[in-house]
Structure formats: structure tokens, C-alpha cells
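Trainee: Spelled out from the first residue to the last, the chains are:
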Amino acid sequence: MTQYDTVIIGAGHNALVCANYLAQKKQKVLVLEASSAAGGLASSYEFHPGFRTSVAHTVSHFSRKIYRDLELQKHGLTAMANPLPCVALNRQGNHVVLDGDTVSGVTEKDRVSYANYSKLTERFANLLAPFWLKTVPAIGNNSLHELLSFAQLGVKMRMLGKDDMREFLRIVSLPTHDLMDEYFDHPLLKALLCWNGLIGSKQAPRSPNNSVMLMLYRMSEGMSGLHEIPNGGTSRLIDALCSSAKSQGIEIRTNSSVRRIVVDQQKEGLRATGVQVDNGELISAQNIVSSADPKTTFLTLLGAENLEIEFTNRIRRIRSEGLVAKLHLALNGLPQFTGLDQSDGQLLISPDMATIESAFDESKYGQCPTDPVMEIVIPSMRDPSLAPSGQHVLSAHVMYVPYKMKSQWDQTAIDTFIDKLINKIELYAPTIREQIVASELLTPIDLEQRFRTSGGHWHHGEFALDQLFMMRPTYGAAQYQTPLRGLYLCGAGSHPGGDITGVPGHNAAHEILS
Amino acid sequence: MSDYDFSSERPKPSHFQQRQDELNIHDAWSSWNGYKFAEYFYDVEFEYFCVRNTCGTYDICPMQKYHITGADAEKMLDRMVTRDVTKIRTNRASYVVWCNDEGRLIDDGTIFKLGDDHFILNCGSPCSAWLDKSAFGFHDITIDDKTDDVAAMALQGPTSCAVLKSMGLENIESAKPFSINFFDFQNARLMVSRTGFTGDLGYELWIDHNLAIPLWDAVYKAGHDLGIHPYGDQATNMLRLEAGFIMPGYEFNEALKTVHFEHDQTPFELNLGWLVDFKKPHFNGRRALFDEKKRGPRYTLTKLDIEGNKPAEGSFLYSNKRCTEEIGYVTSGMWSPAAKANIALAMIETKYLEGEIWSEIYYEKELRQYSKVARCTIKHEPFWSPARTRATPAADF
Amino acid sequence: MKRYDAIIIGAGHNGLTNAAYLAKAGLDVLVVEKNDYIGGAAVSRELHEGWTYSNCSYVCSLMRQAIHRDLDLSRHGLILVPYLGSVNYDDVGNTLIAYNSEEAAYLELKRHSKHDADSMFRFQADLTRYARLIRKTLLRTPPDPTSFRRRDIHELLFLAKQFWSLGEKEIYEYVRFFTLSAVDFLEDYFENELIKQSKASSGIIGTALGVYSPGSSYILLHHVMGDVDGSIGAWGLARGGMGAISKAIASAFQSFGGEIRTNAGVEQILVEGNKVVGVALENGDEIRARVVVSNLDAKRTFTQIMDEKDLPPGIYDKAKNFKIRGSSGKVNIALSALPKFSNVPDNAYVNRGGLELTGSLETMERAYDCWKRGRFSDDPYVEGVIPSAWDPTVAPPGKHWMSNFIQYCPAELADGPWTEEKRNLFGQTVVDKIARYCPGFKDLIVHMEVRTPHEIEEEIGLTEGNIFQGELTIDQLFFNRPFPGYAQYRMPLKHMYMCGSSTHPGGGVSSACGANAAREILIDLKRPNSVPVDDFYDE
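Heads up: the sequence lines are chains A, B and C, in that order.
Counting along the first sequence from 1, when you hit position 477 you're at 477 in our numbering, and nothing is skipped either side.
If you want our numbering, it's the 1-based position in the second sequence plus 1000.
If you want our numbering, it's the 1-based position in the third sequence plus 2000.
Hints are supplied without guarantee of correctness; some may be wrong.
To be verified - In the DSSO-like style, the derived pairs of lysine-lysine whose C-alpha atoms are separated by at most 30 Å in a straight line are: (1) Lys134/A x Lys2161/C; (2) Lys162/A x Lys2399/C; (3) Lys267/A x Lys1165/B; (4) Lys1165/B x Lys1221/B.
As the list claims (entries may be wrong) - Just some of the chain A residues that point at chain C, by a computed CB distance under 10 Å: (5) Glu122; (6) Arg123; (7) Met157; (8) Asp163; (9) Pro175; (10) Glu182; (11) Ser207; (12) Asn210; (13) Ser247; (14) Glu251; (15) Arg317; (16) Asp466; (17) Met470.
Calculated directly from the structure, the hints in this document are not laboratory data.
If you're wondering where the values come from, they're calculated on a predicted model, not measured in any experiment.
Ideal Cβ placement from N, Cα and C applies to all residues, glycine included.
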């Protein structure tokens, strides 16, 4: 039987990043993936014969350090900074477009405001950027080295200058609604800019405390929050990571679902010593690393009996109910959006912040929005292999589709909702209905079942101040180590959180190696 | 002006209220978990001596009684408390404590094992929320709070066994300490455990609340010639102190109700290290307790014999007679009528246990306030621990 | 003409407190008030013969005891009496009584949920811990985190030390608590809907947040961190109405030689260069002073009685962006007899306590959704108190009055400005809601005063009728209040200060803002401090 240094549960992008870093230090690594392919939410699959898609349809801040460290370019991942224009759609075709540093479709006043706004947020994003790539020390930890991390943030903040520092302390908890109102007039521009702080989370423009932080997080890799699709599609990122893994001798076993984490009672307490996969096989290793979400890791794979009671309940109370559904349309041609020359971009259907807020309001009571808001991408424009020649895939993140519905999801409910979404898109792309070959809607429940993420949450846990930094996923497990010796976390449930960044995997590898 | 009717705020009557009302001639009531509860009935000293000399009954209806059943019940309790629950045999009781993640004491109580998948947890304060938390992650488990459905009384004192015998409880004298036995009482099941909070021979009787008054009457009829009398909270406090038992609100502050950092206690600080079993499977607070055991507790609960006769309740303790160095505080103190000694339980910083201990005692004589400094001696045995408490078969008096 | 040492604009309780401390330190102080009565929002008014309403603020818990004692307010006629319990109603009329005694409260909770009854002990302990920490900051000037001055660093260290003393676990829990929504916070403790809503309502009073909005758990704490005689979370009523508080402070102020001028609205703060030199009144009088202190809210101060051109760049925008959202209404009702509420074992806890018509968490949140859309809900959250049930001075014998606070009521309606008709409709909505739980209530009504944010702003000058003079969200709390860089009561122009609830520690009848501002002014004027340095927090 092979003896591994590290077994990693799950083969999402964070797991693969972690595996690659460990292998660079000559560790023997085994990655176990329950489904038939690596990649998790970024993997692509066929949703209709000939049409493929992935749940994560763009990348906005994949860490460049990881890109360099793992030499992903050599493994076929190119063009890591080719941002998509972000278009806030208008029915009459008077769109607001954000492309690189320029914004069009707005007044001169808004243009000037945007310049000021983007400079300010960029400074703040730069301030925070280094901290995403670091383990945030526990408060009670008195090691000088770790305290320096805090001190460094303090010093960096002071280096911003008095005015900036004060402004940072103010706006970091501001609802995006208020921040937008302070800067801009155009409703589409406001909706467009706050979108990045909201998507994937259980918050709306008027929710304080969290969304600005998420916005700054998404700006951390120099793309100002804009999204891109790597050449060949998002799944190319996974291919590159797998290819790198292969070249380093990492073993990736698919169709290999982990049933439980094996623990051993020792004098000092429990220690994770291996995993048992579904066919009953026991695999032991020095370190067990889980890229599964914290609830799955602790409550399902480990079990409450191996954990402390308050800790278990903190894991239980992690807010991880997904609020985004995924719509996939197989199209027999390129959709035409009114007033848009070409539909290559991140296209937003959200006329103003009030509409976003209203959509959110309904979700609070377990209802689907009557006036849904969404983000559309045509990934097949960047990756023609996703659809038969000349045909296309439309991929949309539909916000505020609750995990817990007042009335259960069934096929009729799904069909009705798809119809509603198509009606909505039709307002902006009048011919879309005729182009549809097939459609698919993944509710948070589908995402949960298909991708084994508790609550179907992209980020494995709400992106909110109480679940960030040294509290992600919760104190006691926020430094990638867990209460069990030998067990580590490397998924989106750990600092700094979700999206395709690779950073939790990177940081976890660092902790395991140190 | 409004009506001043606050009647809905009245404490709830105990299942024995009817009888206790007649006996509580001073109407000296307080309350416990919302139940009306006697401070004392006739006279504290008298009640205390009943328990030490004949026998007394104590109303434990307000005590929380949780029935924990299901295949996972044992596993769940074993992870919750510091003692090895798997070692408790059926129809036996065990004294346990449970801690939060930081190893600080939430509460103490007794676990009764009635079967492999049936346990009862009895404790002084409500514990539902913590039990629910502890049960999270276990599947086959039911927690049922029977507090209001069960009437319970403690029957304590040297003649308690004789009372039960005279009630017709066959073979009760051969019940061992911490054993649980069942008897028929008016076609219902009467549970009798040889447990108590007085450090004396004694039992606790548990029955369906509808039979509370008949049980009371039967016990009092049987005890008529054996000196039976009810005792209240104040006598209990004396009895348990002599026995060296801890009490929440005196020796420890329940961790979940503690406002200030580390104003709660660990089992090691309470000198209950013997209840912490590091050899059993994982239990709550293990990591913190393991570290503490290695480090040694900062404080240690200590039994003190204090010179003179002025109770040292609330006193500060010092390492010298000049009282220049504070080393701890008295948690409970009184004159022990049984031991004829001035006794106390005290929290003392562990590192000072070897040296001298002085207590600064404040007392009053006819409104005039006095203070004195008295030498304290550490005792390692309970102040009251007669052989009859443990003897089986139990003697008649 | 006479030049004063200090002019305070606005005779609200903070303005008067500030004035009292300055006068106590020997300064020559004038308070100017636009109304013909003093008190601002802490006021008692006889609007119907024989009935005296506390028609704005109606209960009190944050009043700093150190100030009460220091200004000897009891000698000036103030007595605060804690009120007992409260009754919470859900949508279908189930009740939860918050009893005064711990044991009875426990049994009542147990009636609804054994789990929650037990959890309440932990909840109380945790809330007490959080409250203790915040309360230590109430009578302190917030440090400037960007400054290297000794005092700021000293204060920051003080805070760090307090924070550290919580212990690691509680530090995390504290940070968590601070950013959570009221409901998320409560769900750590409670499972019963009625119990959750009874606690959650404190998280929305006076604010433009809902029970599900992150940050509302701090508001919850803001409402329970006060105390009456050391019992944290207790609320009290002032004998004679809330105006008794202002009156007592005014009387203390006058005993130190201070002067109050009513019917003296300020038109403009006079600025010369970068200095403030006095005020011009609406009647044309100009009064000069060494310092000018505004007790008005930040928005009103900078956008109404000052000229943008007098201000350093940026300040006007900061004031414009200052969040001060009208979200509450008030309905004061004179009653011919004591109302009898249904489904309570005795009426004492309604009559001598609070009435909480929360309905459900969803009802409260939907009321918030209405507010967001510029409407008032037809099923709002109503908090009622009947002060006359224990205060013989506020209604004729046998008669009563009921104060009702309504969350939410927008300052601006989506369908145009407030009109008499809409206002009456709003009042009717509230009466209907009360009558659902109190049959016959409508027959008892003798007189009714309906106050929307519009009336509150018109009469007492709180922008949008916001009771806190500015939202209590993190971006506007502590060193961010009212604006970052101006949290130490000094305003951008020389000799100008603010002392209202727009400053730290914010709203609630606490007098802390006024006292803290006085401390800073006295430092600048090089006078010995007359303000209590610290509150008593080791009760």
C-alpha cells in the first residue's frame, strides 16, 4: 500500500493549487475527487448534447503569484488579464459600459466621479491585497512573527495618509447603496458597480458591513474587479492545474468519494490519520487536507463526536445558504442584444439598485424574484469548443434564488422560472427565444447536490465580516489547521474565501509545510 | 392608577406544595427554577440535625431531569461529560461534570443509566440548550425534559433506610451507594436511588407527579417514629458544605453564565480532577483540560479548618498574618455543628497551598463591626464522612 | 453688545448638558432655542388639556448616572423610575411577557421553549459582557486612529486593553456580534419565533435597517446597554415625562448662572476667516461668543445654518452624505380609561411596562421593505408605553395616555409629500393595529397626536425626524461619528463644536454627547475639567 504524505479531499481548483505547492516540496500527494472529473464548480460538463458549460463562467482575481509559482503558462493557461467589458444593459440600447479604466454611456460628471472612485478603491484594494495571500493569525497567538502581520496592516494603513485611512475605515462597512449614491447619478452605473460586491452573497445594495469588502477582495489582482475568461474557457485553468499536478507526480483519483476521515485517539488528543473512501478502502497519510466546505468536512466527514461542542455548533451556524442560481441556454446562434455590437462581455440585467434590492427582498421570504436580476456571459465566444460550430452557450448567474423556498422546487416551478428568465432576457435580446435549443437551471439545491457544497454556496460560507479573516470559517480553524492535529482545510471556506483565486489552497499549503 | 396585580409572576407550586405549605410555618419561601421552594420550614439548625441524627426530606422537584434515549445517547453523553459514561452499569448513578470547549465547568449533576440506550441527567440548572448543542451531530437520540412530570424528594439521614423499609421497600438495605432500584408504589413505578447531597446515608425518590402527595404521605407515615422532618435550602447548604460538595453560585460560576473572563472554574481548580478521564474517547474540553493538567490549575478548591468560631464567609485569604499578599478567597464558610469546627471551602492559588494561610474575617457584635485574622489549616478529608454513608447493607440508624 | 464665552444652539438635553458643564466651569454661557419651549426631543407637552405627552422620546435608559449625580439632577426635580416588564404580541395574538423577576421570566420563556428559556441565561451574560465594554466608551472622547498624539494613543491603548480583557474567544464573538444582523445574532440563542422577535425589535428602533440587515445587532445592544441603577437593559420613565430630564438639566445649568433664550432660532453661524465668532438669530440679532456649539444634527448644522463657502472643502459633501434617515413615527393617544389588552393573565405588564406589537420577524422585515419603497406599512411594529399608569402627573386621575413608537415611517413618501390625509391614515393604521390586541381601544381615545418624520423635523429640527441624529451603523459610529476626523467634537472651523447625538456615542437620552463635548471645549479654553471622567461601570 502506498504511503502518502498528504491526502487531499476534493479536486476543486483550491485543492489542486494546494497539491501542486505540496508536491513542489517533494510531498507525495493523493487527490480524491468524488465526481468523474476534477475542477469542482470550474469544471465543464455537457448540459445538452454538444453544448458544454461550467458553473463558474469567468475568473476575476486568480492569484498571479500562483500563476507564476506553478508556471501555469507552461501548462497551457494563457492570457490571465484580458478583462471582459462589463455592460449594464438598457432595453433601449443605452448601455453603460465599463471597459478597462473607461466608462461610457454616462454623464461627464459620473465619468469624473468614476475616475476618482476607481483610484480610491484601487488604493484600498492594494492595501488589502497582500493579506489575502497570508494566514491571518489567531488573536490569542502571541508569537511576535504573527503579530507583525497585524502591525504590518496597521503600518500600511497609516501609510495611506490620514484622509485615506479615515475614508477606508468609513467606507469599508458602508452599504454599496450609500457608496454609489455618494459618487454617482446614473442608475445603471450604480447597479453595475455594486454588483461585484453582492454577487454570490446574501446581501443587497442596502446591506451594510460586507459588500464593500467583497468588492475590494475582487479587485485584488489588478483587474479592478473586471472579469475575464482565459483563452479556451474557464475550465482551461483546471486543465493547467491538472497538467502541472501530473508533471509533479500527484495522483488524482476521480470517482473516489471520501466517506469519512479516520481519526486516532492519542494521549495528546485526536489526530487525523487517513481517510476511508466509499468502497471501504482506508488510505493513511501524514496530513489530511480537505477542500470540501467546512460543514461537510467537520459534520459529515469527521463527525461531531470528534469535535468540541461549541466548535461544532459554530460550524453549524456558518451561514452558507446559496442565493445564486445558474441558467444555461444552448443557442443555435449568437444572441443579439439591442444596441450592442457584440455580446462578448459580462452583461448585467439590473436596471437600478432598487430592482436588485426588491429581488433580494423576495428571497428573504423564500420566494423567487418576480423581477430577477442576472449576469450573462456567452462563454462560447471565447471557447468555441463549448458548442457546435456557429452555435453558442449563454451562461447566467441569476441572483437571489433562495436555497430554502417557501414552496418546494419541482419541475413545473423550474420551468416557470426558466420561462420568466427568458422573458426577462428577451426584453434585451428580442430574438433569443427562437435561438434556444435547450435550457438548464441549477438552483442552489442542485448546486449543493451536484457539487457537494453545503447550501449550494459558491463561497462555502457567506462572505461577511463575521466569517472572514481570523474567523473564516470560524475561530479555532481559521489558520488552515483544525482542532484535530493532521487535518487541514484548503477550500473556499477558509481565508480569504471563494471565487477562483487559488489563494486558500496556496495559504493552506504554506501552513502545512511550515 | 393601574392595578398592581402581578399575580402571574407567582412562583409555580411544587408537586409537594400542599404538604409543604402546612409545614412551612414561617412561610420562608424562595424559588428554584421557577418553583416555590422552602428556605427552611421550622428552624435551620433543627432541620440540619434531623438529617444528621434521624432523617429529613428535601424537595427536589425543581431539579432538572432530562431523559436521554436512543442508540446514540451513550456516545453523546460520553462526549459531553468528562467521566467515562461507558463504564456506568445499568441501574447505577454517577456524579459527573461537563465543561465548555475551554474546559470550564458548565454544571455538575448525576447520570442515571437505566439501560444501554436510556439515561437520565439530573442537574440543578436548566441545561436544555446545552444538551441540544451537545446532541447536534448525533442521529438516534431523543432528549426529553421530564422536570415537570416527575416528583422527586431526597430522604437523607441515618434512619432513612429504616423509613423506606417500613414503607415496604423490600431489600432496600442492600442497595449500594449510587445504585438505582425500582419498587411498585400504588401500581406505579417508584425509582429509588441511593444518592444525595448531604454526605450521609440517604436516598432520592422519583415518581410520577400525580403520585406526589401519596408518596409524601407514605414516607411521612413510615417516618413518623423515625424522626422525619422536611429540611430546606439553608440546611442543605450546611450539610453539603460539611460533606465538601460544591455548589453553583458559591464554589463555581456556571461557565455559560459568566460575564468576566475566567471568572468560571475548571474541574482541576475545583479539585475534581478525578472526574476527568483522559483515557476515554474524545470529550468536550479535553484539549484545554489536558493542557491545564500539564500546567497545573491556577487555583485549587481547598477545605479549610479555621481557628476560632467566626464563619469566614466571603473572606479574603492571605499568605501571612499581616495580610500583605492576597492568595485567594473563601467560597463557603460556617461553623460545623457536627465537627465542632469552623470550616470553609476556599479557592486558593495553587502555588500558595504549601505555605501559611490566613483569613481576614469580618463579624458583628450587636451592630458593632469587628475583624480578625485567623490561621487556616488545610483539610484533605470531608468534615463529615461517617462510615454509614457507604455501608451496605445500610443500618437502621 | 455682550460677548458670551459660549453659545449653544438648541436646548435639547445634550445642548443643556453641554451648557451646564461649561457654566459649571465658570464660563458665561447662552443657550438659544428656536422653539418657545426647551427640551428638544426630551420634552413634555400638554397638547390636550390635562394630558402631558412625552411626545418625542418616551423612555430612558442610557442617561449616564455619573452625570445625573454630578449635576445633582435629583435636586433639580428628576426622578427616573424603572418600568416593569413588557408584553410581546405575535401576529395571532400569542403573548410573551418579559417578567421582572428572573424566575417568572424563566417560566414564561419555558412556556414557549425550554431550549430558549435556558439559552436566555447565556444571552444575558453575553449581552452584559458586550454592554459593559461599550459603556466604558460612552463618557470618553473617541481617539483618532490616525493620530500620533499622546492622548489618542493612550485612549487607543485603553480600548485595546479593555478589548483584550475579554479573552480570545469573546473577542471573536464580540467582533462577530458587532457586524451581524439582529436575527443572525439571536439565532445563536433562540429557536422560538416569538422570543426571537421580542429581542429583535430592539435592533430596528429608530434605524433604517431591518432585523435581517447586518449591523442591526449593534443597534440591539445600543438599546439594551443602558441601565437603571445597575441593572443592564432596564428602561425607566421620568416622572413628569421626558421633559423632566431637560428641565432638571436646565435648572442645573441656570443654577450655575447660565442663560437660556427661547424663540431664538439661529439663522446662521457667523464665520470670520476660518473662525466661528457667533450666531445670527432669525430675528436679526447677532450674538458673539468665544465658542459656538451646535446641538443640531450634523446635516442641519452644516447645510442649513452654515454657508458652504464658509466651510473647508469636502465638509459640505460629508454633511450631505451623512446618513440621517427618517424611519420612525410616533402616535400619542390620550385615553379616557386604562385599556385592557387581550390574552394576558393580568394587565400589569402592559400597563406598567411596554407593549410590543412585533407580529413576526417577517412582519417586521416587510415593514422595512415598505420603508425602502417609500411607504408606511399597514402592519407596522408598534412599541407602546402607558406612562400614566404609574405617573400621576401626566393625565387627569383615572385617565391615561399611551405613547406609541412606530417602526417604520418614511420621511419622504414615494407618492409625494406627506399630507394631512396621509398622516391621518398612518395614525389610523397604528390605532387599528393596537385595537387588534385591545378590543374597545378606539372607544377610549380622547385625543391623538400623530407624528411622522415630517412633523418631528418641523417641530424639533431633527433632520428627517431621525431620533439618533444619524444612523448608528459602523461607518457612523465611534471615531467615524459624525465624520471621520471630526469625532472629537471639534468641527472644521476654529471655535466651533458639536454636542448633539450626531456625535459619539450617538442617540438615546444619555447626555453623554453633551458632556464629552464640554470636556473638549474646556481643554481648548484651558479651563479645568468639570465633566466626570468616567462612568461607574463596575456595578
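Trainee: Are the hints correct? Go through all of them and say.
Mentor: Taking the hints in turn, this is what the structure says about them:
1. Lys134/A x Lys2161/C: OK: Lys134/A and Lys2161/C at ~26 Å, within 30 Å.
2. Lys162/A x Lys2399/C: With Cα atoms ~58 Å apart, Lys162/A and Lys2399/C exceed 30 Å; violated.
3. Lys267/A x Lys1165/B: violated, 48 Å
4. Lys1165/B x Lys1221/B: Holds. Lys1165/B to Lys1221/B sits at ~12 Å (cutoff 30 Å).
5. Glu122: With a closest approach of 20 Å, the Glu122/A hint is violated.
6. Arg123: violated, 15 Å
7. Met157: Where the cut-off is 10 Å and the nearest Cβ of chain C is about 8 Å from Met157/A, the hint holds.
8. Asp163: holds, 8 Å
9. Pro175: holds, 8 Å
10. Glu182: Nearest chain C Cβ about 5 Å off; hint holds.
11. Ser207: holds, 6 Å
12. Asn210: Asn210/A check passes; min Cβ-Cβ to chain C is 6 Å, inside 10 Å.
13. Ser247: violated, 41 Å
14. Glu251: violated, 38 Å
15. Arg317: With Cβ-Cβ at 6 Å, under 10 Å, it holds.
16. Asp466: Hint holds; Asp466/A Cβ to chain C Cβ min 4 Å, cut 10 Å.
17. Met470: Holds, about 7 Å.
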